[in-house]
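Chemist: Residue strings, one per chain:
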Amino acid sequence: MITFKNVSKRYPDGYVALNNVDLTVESGEMVFLTGHSGAGKSTLLKLIAAIERPTSGTITISGQNIAQLKPAAIPYMRRKIGFIFQDHKLLFDRSVFDNVLLPLQISNFDNNTVAARVRAALDKVGLLKKEKSMPVALSGGERQRLCIARAVVHRPAILIADEPTGNLDVEYARDIMTMFTSFNQVGVTVLIATHDASLLEDTQHRILSLKQGKLAA
Amino acid sequence: MIRAWLTQHGFVFFLTLKRLISTPVTSLLSIIVMGIALSLPAGIYVLMQNLQVISGQTADSPQISLFLKLDMTQDSIEKVNQRLEENPQIQTIQFIPKDVALQQLQQSAGLTDITASLMRNPLPDAFVIHTLENSTEALEQLRTVIQSWPEIEHVQFDSVWIERLNALLDLARFAVLMLATLLSIAIIAIMFNTIRLQILTKRDEIEISKLIGATDSFIQRPFLYFGAIQGLAGGATAWLIMALAIRTLNEELVALAQLYRIDLQLQHLSSADSISLLFFSAWLGWLGARISVASHLWQIEPK
Ligand SMILES: Nc1ncnc2c1ncn2[C@@H]1O[C@H](COP(=O)(O)OP(=O)(O)OP(=O)(O)O)[C@@H](O)[C@H]1O
Ligand SMILES: [Mg+2]
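In order, the protein sequences belong to chains A and B.
So that you can map any letter, position 27 of the first sequence is 27 in the UniProt record's numbering, and since no number is skipped, the others follow by simple counting.
So that you can map any letter, position 15 of the second sequence is 15 in the UniProt record's numbering, and since no number is skipped, the others follow by simple counting.
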């Protein structure tokens, strides 16, 4: 489903964040991406959603070359992905409900079903009772779950999570991992970047390890 | 598909109204500024329309009045009539005997009191003719010819003041056009800046929307709606300002009209012109927003 071929990313300041990366993630697979801080995990995930463009190499999603996508086609490609950002990117002037509603408004969903969909997503992450709250009134863990609800509300085929358990205690982190596993069980391709070793201890899923922009074997 | 499109546009429409209401003072001030700016050229236009109605009440083709010398015999009147009929340049001939002229005078212009006090009819017999041609030279030539007839006291072009008025109106039309152009540019500039500030304060929202798959048109839409709606409100304000001005002026004119016993009331824009004004102002707001969006949105790229 997702393939990288000889992908390198050099930032405008000359820093090479990814160096000749090759990888394949099968459809319906759940994969962890790990590595030290600054190893290039976020960079790799951003390349998949065309938030950053590769300096060289090809990235394909379902056979579509992301690097050659016209700017006008990028929004439609992004709608196939649910992205959980490392820095959350929540809208602090909108309620929990409205934050989750945004992807549906953007994708032009039918008005009659959106409220039900938003509540279903909030229910899945256990935030249904907080739908009227503002994001500032949420705890760190609740915000993280709000991000997850927003990422899955439009039922994307691919779920990408950048450090979804950062700053959370172990129990909270396990909860969130269980959520990802359940999304994967219904067929969603899941890609999780984390440097939290405790998450990876007893996983049966594949682990990709980045070191200074290179994929370790 | 169409329903989804409609609900989305309806949603943006209400979102825009909410934004306008959320900053009431700023919105109101911009709307008033736009209203005043639009009411200047539109107001002059209204005055022109009213003047044109007055000037349009007279005939289109030039009209010439021939006043005969007092106490002309029926015979000499016949002679003049014959000569006029023989002239190929003349289209219509109408004879107005002095009695009829006096009656007309009594009925019109509220001069009843004056005419009633007259001992005898001071008016001459007259012909009113319309010519085929209306070039100034041809008319001058005709006037010289007719003036040389012994029965004629005076030849008068009734259309001279109309021509002068029309020339003035042409000038006013040009002034309106210039004023409208300048103030339209000002309105576009105001809207450009308003939207620029909005884009700055909505930076996060724009960036996040782009990140989760919003198209450019989705992001632009609320700003374009905002421009159009505020423009429309500005146009409506201009209309109201003019309505108020016309009412006040008409109250003054009533006193004046009573003095001269004439009917003199200013009319507001026709409904077609009113709708044009609203459309045009909405379009101006939209255009200002469009230019602003085009020059600012691309600077916000998600990271
Ligand atoms: N926009 C940018 N411009 C220049 N350099 C950048 C940019 N974004 C990231 N980098 C650099 O690229 C390298 C990889 O960054 P990246 O964010 O991918 O790391 P990461 O593995 O996600 O780290 P962390 O675990 O801290 O989130 C870092 O050294 C970073 O400084
Ligand atoms: Mg990172």
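Possibly wrong hints are sitting among the right ones.
To be verified - With a Cα cut of at most 27 Å, we get these calculated DSS-like pairs of lysine-lysine:
(1) B/K18 with A/K211
(2) A/K80 with A/K124
(3) A/K130 with A/K89
(4) A/K70 with A/K80
(5) A/K89 with B/K18
(6) A/K132 with B/K202
(7) B/K79 with B/K98
(8) A/K130 with B/K18
(9) B/K303 with A/K89
(10) A/K130 with B/K202
(11) B/K202 with A/K214
(12) A/K132 with B/K18
(13) B/K202 with A/K80
(14) A/K80 with B/K79
(15) B/K303 with A/K5
(16) A/K70 with B/K202
(17) A/K89 with B/K202
(18) A/K70 with B/K79
Just so you know, the hints here were simulated from the structure itself, not pulled from any lab data.
Chemist: Does each hint hold? Answer for all of them.
Modeler: These are the hints, each one checked on the structure:
{"no.": "1", "hint": "B/K18 with A/K211", "in the structure": "violated, 50 Å"}
{"no.": "2", "hint": "A/K80 with A/K124", "in the structure": "holds, 20 Å"}
{"no.": "3", "hint": "A/K130 with A/K89", "in the structure": "holds, 18 Å"}
{"no.": "4", "hint": "A/K70 with A/K80", "in the structure": "holds, 16 Å"}
{"no.": "5", "hint": "A/K89 with B/K18", "in the structure": "holds, 23 Å"}
{"no.": "6", "hint": "A/K132 with B/K202", "in the structure": "holds, 21 Å"}
{"no.": "7", "hint": "B/K79 with B/K98", "in the structure": "holds, 17 Å"}
{"no.": "8", "hint": "A/K130 with B/K18", "in the structure": "holds, 24 Å"}
{"no.": "9", "hint": "B/K303 with A/K89", "in the structure": "holds, 11 Å"}
{"no.": "10", "hint": "A/K130 with B/K202", "in the structure": "holds, 25 Å"}
{"no.": "11", "hint": "B/K202 with A/K214", "in the structure": "violated, 37 Å"}
{"no.": "12", "hint": "A/K132 with B/K18", "in the structure": "holds, 18 Å"}
{"no.": "13", "hint": "B/K202 with A/K80", "in the structure": "holds, 25 Å"}
{"no.": "14", "hint": "A/K80 with B/K79", "in the structure": "violated, 98 Å"}
{"no.": "15", "hint": "B/K303 with A/K5", "in the structure": "holds, 23 Å"}
{"no.": "16", "hint": "A/K70 with B/K202", "in the structure": "holds, 25 Å"}
{"no.": "17", "hint": "A/K89 with B/K202", "in the structure": "holds, 13 Å"}
{"no.": "18", "hint": "A/K70 with B/K79", "in the structure": "violated, 90 Å"}
Checked against the numbered hints listed earlier, the structure breaks hints 1, 11, 14, 18; every other hint is satisfied.
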